[in-house]
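**Student:** Use the sequences and the hints to build the structure in full.
Just so we're aligned, residue 34 is where the sequence shown starts under the working numbering, counting upward by one.
Worth flagging that the hints you see were computed from the coordinates, not collected in a lab.
Watch out, some of these pointers could steer you wrong.
Derived CB-CB ranges, DEER-like [what the hints assert, rightly or not]:
#1 V37 - A83: 17 to 25 angstroms
#2 P139 - L112: 17 to 25 angstroms
#3 A115 - P139: 17 to 25 angstroms
#4 P39 - A115: 14 to 22 angstroms
#5 H96 - A41: 18 to 26 angstroms
Since this is a predicted model, take the numbers as computed values, not measurements.
We put the CB at the ideal spot given by N, CA and C, even for glycine.
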Amino acid sequence: MSAVRPPAHAGRFYPHDPTTLRTIVAGLVEQARPRPPDEAVPRAIIVPHAGYAYSGAVAARGHATLAPAAGRLRRVVLLGPAHYVWVRGVAAPAAMAFGTPLGLVPID
Numbered sequence: 034m035s036a037v038r039p040p041a042h043a044g045r046f047y048p049h050d051p052t053t054l055r056t057i058v059a060g061l062v063e064q065a066r067p068r069p070p071d072e073a074v075p076r077a078i079i080v081p082h083a084g085y086a087y088s089g090a091v092a093a094r095g096h097a098t099l100a101p102a103a104g105r106l107r108r109v110v111l112l113g114p115a116h117y118v119w120v121r122g123v124a125a126p127a128a129m130a131f132g133t134p135l136g137l138v139p140i141d
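**Tutor:** In structure tokens:
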């Protein structure tokens, strides 16, 4: 089992440089319209996962709906397609963390 799954698309779908990535994400989040704090936080969101140039603004709007729960979320479950091979059932990462240009994201 590998300890860290390296970023698969850094430099292609999103910047590899941490400073540039932070700037882009901050801009997308600033443009997103968060829900008012008194509204219920959704239990699930569906957001696109293409390159930030194509879908970053839409993904940021989806993630903004979770802003009122910042600091209270205990677990995030990510589901996505298998783009290159047929998978029967569920494929789960064997790594202990995802590597990103901004640091490691632990997997439990």
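**Student:** Report the numbers of all earlier hints that the structure fails to satisfy, in ascending order.
**Tutor:** Every hint satisfied by this model.
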